[in-house]
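**Q** Protein chains in written order, with numbering that gives the first Met the number 0: chain A, 0 to 168; chain B, 0 to 684; chain C, 0 to 121.
Calculated from the structure, these hints are not laboratory results. Careful, some of the hints might be misleading.
[To be verified] Here are the simulated lysine-lysine pairs, DSSO-like style, with alpha carbons at most 27 Å apart: (1) K56(A) to K641(B); (2) K56(A) to K395(B); (3) K79(B) to K90(C).
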Amino acid sequence: MVSRNGGGPLEVLTVSLDGHMFAIEAVHVREILDLVPATEVPNSNPFVNSLINVRGKVVPLADLRHKFGMPQRPSTIDTRIVVIEIDLDGHQTTVGLLADKVYEVAELAAAVLEDTPKIGMTWRKEFFRCVGKRGDDFVVVLDIASIFTTTRREKSDFAFAVGGARSVA
Amino acid sequence: MSANSADPRDIFRQEAQDLLAQLEAALLDLDRRPDDGALIDTAFRALHTIKGSGAMFGFEAVAGFTHHVETAFDQVRQGKVAPSRELIGVALQAQDYMRQLIEGPERADPAAGEAILGLLRTAVDIAPSVKPSGTPPVSPAATWRIRMRLARDAMVLGTNPLLLLDELRSLGTATIVALTEDVPRLQELDPTACYVGWDVVLSTSRPRTEIEDVFIFVRDDMTLQIDQIVDEPPGRRLGEILSDRGDVAPEALKAALARQQPLGKLLLQAGAVSPDKLSAALAEQQHLRRDSAAIKPSVRVPAERLDELMDRVGELVITQSRLRQIAMTSTDVQVKGVAEEIERLALELRDTTMGIRMVPIGSLFGRFRRVVHDLSRDLGKHVELTMEGEETELDKTVIEQLNDPLVHVVRNAIDHGLEDPDERVAAGKSQSGRILLSARHAGMEVLITVSDDGRGLNRERIRARAEERGLLAADAVVGDSELLQVIFQPGFSTATQVTSLSGRGVGMDVVKRTIEGLRGTIDLGSVPNQGTKVTLRLPLTLAIIDGLLVRVGSGRYVLPLGTVEECVELSAAEDARSRGRSFLSIRGDLVPFLRLRELFAAKTPPDPFQKIVIVSSGDLKVGLVVDQVIGEHQTVIKSLSKLHADIEMFSGATILGDGAVALILDVLHLVEFGQMKEEHLKAAG
Amino acid sequence: MAKTILTVDDSPSMRQMIRLTLTDAGYQVVEAGDGAQGLAAARQQAVDMILTDLNMPVMDGVSLIRELRQLGGYAGVPIIMLTTESDADRKSAAKAAGATGWITKPFQPEQLVSVTKKVLGS
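Looking at chain A on its own, in the form it has when it is part of the complex:
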């Protein structure tokens, strides 16, 4: 996709999802929380389908596993919520991301995304900024902004018992 401008090292938070390593740019990350009870939002996009309470603030909770077509697994004691802040349509928005495990903040020496590892069928190139190296492993750096923008453009599916949604312009 797009090669990282500059070429200098990138500070990221490394997490794992379904056994795969991902990195989130540290500049987006606000804090990391233990798992808290979430309230489901009926008729919402399955990717962001619940809300949590972060110190009095109502924050949407997103599950990246859904985006990448990974199977849903029950949470473990390692499960964490990474609270990030992103720009959505010009508004600074706080969002929580579920992660199976959170590792550390690391510096990645960047490489260009040429050789996309064969990871899953439903993964889309737009979701990744680039691939970096952490020791001997390749770590895919997520393009958070892009992931959430695509989400906005998809229409929510309303599963009405009645059937026949109104025509939407």
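Following the hints, complete the assembly by docking chains B and C onto the known chain A.
**A** Just chains B and C now, kept in the frame of chain A:
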């Protein structure tokens, strides 16, 4: 002089020529000696005489034009403006034009005259003042009731009541009511007689003597009453005012109060007061209300402090609800007592704090007089603006954010909605277009409407433009209200001429977004050739509402208590009977219902006794079937992020006492959804 | 004997109109072109009413009124001012100087006659 039979008009023309020559000479000399006061006086006097005599002898055009020149020159005479070279130049141009008006009025071009006046005004504005003008002594404002009844022959004797009223108006803020009770029927009417009296309520800081001075020369031939009104306690009731003024007998007042209708209406019906006196007293009441709103002691507070205060109160309310939960399960009587006290205090604090932020919408509407005036002038349309419900209160921040959207809507109404005066007359309408701004409370919302009696929205043009812009497929079948909604899409405009004022219609989508940002809605309604109405619905408060907490499946939801009509249990029998039907029978009424368990895809087993919460929005009702009604809950509203804001059935979220998040249901959408579902089922047979 | 009215105005057309109107109504009229001339005329012959403009050269209307009131025999004579609507602020000055009443320009000749009749009797 000339013979008695000479035409006065000729005499005036001759005189005017002399005066114009004098004026020209004075102006030219003034150019060389700008400080010569005598020259300024001569010039001014020449203008003054031409104006006065011109009016006397039927030279209205000259009199009118010269009046403006005189006004501008008066500024020079009073020393407020220096006679700059530029000013003198324009004055000379004016003098030439005046000459034209007298010698050959048919050849004079009114546009040229206007242009000169424009230049004159500019010249007078930009030349700085020479001497400081004295300011009148200001004493604290007082409100007076002035009742004036001129003698029948007052106008015959040269008194112009309108000038008296204008003079009163110039002293301060005046509310004037004409009393027309004594005007006889047309057959008996003497057009030169003065039948009308006036009641004026005047708020002014000038002394009483200045009010009396207005009537100096007519004082002997009229009835004049000047009383100071002391509005204590402020906001007097109509009955008090009427009885104070001696217009209503106390017994009639008492009798009328015993019934429920508005006092004024009752008194009118009972014949205890005349329509005139009633409207005059009402005008006084309105005036005093505005006064007291303006005069009451107030404190200026930075807006951020208010916001901070609101946040703290919000947190207090949340914490208090947690305390309440704990107290409910506690057996300690003292703890329960204190928790109750704290609840009462927290609610009162909430109400007071929210009250601070409430401001009457009149402050916003008031600005529109000027906006409409300027727009109608710029667009060459005659507009009559009426406003209703100015005392309706809204949260301060909402009002601030409403300004731009409302200005845009009003602009559209005047620019695109109202026709030109000629078109209107041809269509059988009044020459002046009417625009009505109105605001009122409706349940938990405020409804603000902007209506015009113009040409209405042109459906064909909207359709054509929508297809042209790719917003609508050529063969798409859409209902009328959906078609109108297309107007809110970005990049839409049906203006055939894009005027510099209302732009390219990029405004309407921004208007909609602003309103929705305030958790409100905007709607359009229009009848071709009759007019258009834009309705804004806004929540009464942004922050905290009384809520009813319910449970559906494993989730809890909040309904605004103001929308809840009642809660009813759904018996198992009724539950079974209602499967496949679209409405329930509640005490004989058929109410459409929604099973929220189905709507929200609840997975847990249903409670044995389902409850129905009947909510309403406007005239429409819907029954919401839930597992459990938990109870009242002070709901601090948190907005949903953009990721969830588009789910129409939820208007926000809140944090419950135990820290969990609950969604707030949007009753309007649920009601509409219920209606839609009902129609759908009916159509399906 | 017919009553005499002094009209003081720097506009000849105004004076002419007033003269014609009032003489038609049976009054006698004396004219003056400014305040000083008016004062001189009032000294020369006793008049029964004075009609004066406000804005005049040499001596303006308010000064004239003040002077007239000091003149022997004129303390109680009605003095009517002719004003335009821009003169509103001068009315109290005129009243303080001793004016009896006012007529606003423009006015109809009939109005002038009515006022005069009311003030003087016919």
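**Q** Now tell me if each hint is right for this structure.
**A** Checked hints:
The straight-line distance between the Cα atoms of K56(A) and K641(B) is roughly 15 Å, inside the 27 Å bound, and the hint therefore holds. Simply put, K56(A) and K395(B) have alpha-carbon atoms about 23 Å apart, close enough for the 27 Å limit, and the pair holds. Of the supplied pair hints, the one linking K79(B) and K90(C) holds, its CA atoms being roughly 22 Å apart against a limit of 27 Å.
Taken one by one, the earlier hints all hold for this structure without exception.
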